[in-house]
Amino acid sequence: MQTMRATIVNSTTAMWLVLIVATLISGWIGEGGMDRRASSVVLAMAFFKVWIVGIQFMELRSAPRLLCSIFSAWAFATCGALILILLG
Amino acid sequence: MATDVPSALAVEQVHGQRRLPGEMGIWIFVFGDLAVFTLFFVLVAQANVQQNEVFQQSRRMLDFGHGLSNTLLLLTGSWLVALSVEKLRHGRGKQAARGLLLAILCGAGFVINKMVEWSDKIGAGITPATNDFFMLFFVFCAIHLFHVVIGLACLLIMRAKCTRPIGVADLRFIESGAIFWHLVDLLWILLFCLFYLI
Numbered sequence: 000m001q002t003m004r005a006t007i008v009n010s011t012t013a014m015w016l017v018l019i020v021a022t023l024i025s026g027w028i029g030e031g032g033m034d035r036r037a038s039s040v041v042l043a044m045a046f047f048k049v050w051i052v053g054i055q056f057m058e059l060r061s062a063p064r065l066l067c068s069i070f071s072a073w074a075f076a077t078c079g080a081l082i083l084i085l086l087g
Numbered sequence: 000m001a002t003d004v005p006s007a008l009a010v011e012q013v014h015g016q017r018r019l020p021g022e023m024g025i026w027i028f029v030f031g032d033l034a035v036f037t038l039f040f041v042l043v044a045q046a047n048v049q050q051n052e053v054f055q056q057s058r059r060m061l062d063f064g065h066g067l068s069n070t071l072l073l074l075t076g077s078w079l080v081a082l083s084v085e086k087l088r089h090g091r092g093k094q095a096a097r098g099l100l101l102a103i104l105c106g107a108g109f110v111i112n113k114m115v116e117w118s119d120k121i122g123a124g125i126t127p128a129t130n131d132f133f134m135l136f137f138v139f140c141a142i143h144l145f146h147v148v149i150g151l152a153c154l155l156i157m158r159a160k161c162t163r164p165i166g167v168a169d170l171r172f173i174e175s176g177a178i179f180w181h182l183v184d185l186l187w188i189l190l191f192c193l194f195y196l197i
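Sequences listed follow chains Z and Y, in order.
Counting in numbering that gives the first Met the number 0, the first sequence runs from 0 upward without gaps.
Counting in numbering that gives the first Met the number 0, the second sequence runs from 0 upward without gaps.
With the rest of the complex left out, here is chain Z (with noise of 0.2 Å):
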C-alpha cells in the first residue's frame, strides 16, 4: 500500500516537473522570436503540456477509454489544425 502511494505521489511529481521543464525549454525558444516552423514545434510543445495534464491530473489515464479517447483526440486535432494555420 505504501508503495502504491508512493507511486502515485511520484508520477504526479515527476509529470510536474516534465511540466515546468517544458515551459522553461518553450520559453527559452520562444522568448527571442520564432519562424513558423519553430512556432509549430512550440505549439507542439504545448499540446504535449495539455495532453499530461489531461491524462495524469485529470486522472483520464484511468477514467473510462472512451472519455481518455475524445480527449486525447481533440488534443491531437486541435494542434494539428493550429499548426495547419500557422503554416499557411
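In case anyone wonders, no lab produced these hints; they're calculated from the structure.
All of these numbers come straight from a predicted model, not from anything done at the bench.
There's no promise every hint is true.
[Claimed, not checked] Distance condition first, Cα-Cα at most 20 Å in a straight line; then the derived SDA-like pairs of lysine to any residue: (1) Y:K113 x Z:A76; (2) Y:K120 x Z:L16; (3) Y:K160 x Y:I149; (4) Y:K93 x Y:L155; (5) Y:K120 x Y:G31; (6) Y:K93 x Y:A168.
Place chain Y on chain Z using the hints.
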C-alpha cells in the same frame, strides 16, 4: 453520514477497473468549454497569420515574465491539487487541506500578477482598442481570468470539506472541483503559447 472513502473507492474498483473521476456533469462542462476555447484558439491563429507583423510587434510589447510566471503558478497549483486529492483518498484530510491552501495561494498569485500586467498595459495606453492582437489578448485572458476566480471559489469550498469527515459524495465534489482547476491550467497553457510565444 460520512462513509469510509477508501473502502467505497475499493468497491468501485472491484466493479470496474477504470473509474470516472468526479461527476459526469463536470466532464460535459469540460468538453463544452474546450469546444468554445478551440474556436478562440483558431481565431487567434488565423489573425496571427493574417496580421503577422502587427502580432509580432504587439507580442514584443507584452511582459514575457508575467506570462511565464503565471504559467508556472498554475502548473504548480494543479500539481498541488492533484496531490491533495490523492491524500484525501487515503484519509489524510489535513495534508490535503494544506495542499489546497498552497494551490489557492498559487491561484491568487496568478490573479494579482494578471492585474499588475493589465495595469501596466493600460497605464502605457495599451487597451483592447489598440489593435486586433490586444483586443483578442484582453478578451480571451479576461474570460480565462473569470474561470480562475470560479476555480478559486471551488478550491475554497474543497478545502473547507477536507477539514471534516467526508463521504463519497464529498469526494466526488472535490474531484470535480479539481478537474475544473486542471481545466483552468490547461487553457492557460494554450493561451500562454498563442499570445506570448508564437
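Results for each hint:
no.	hint	result
1	Y:K113 x Z:A76	violated (30 Å)
2	Y:K120 x Z:L16	violated (32 Å)
3	Y:K160 x Y:I149	holds (17 Å)
4	Y:K93 x Y:L155	holds (14 Å)
5	Y:K120 x Y:G31	violated (32 Å)
6	Y:K93 x Y:A168	holds (19 Å)
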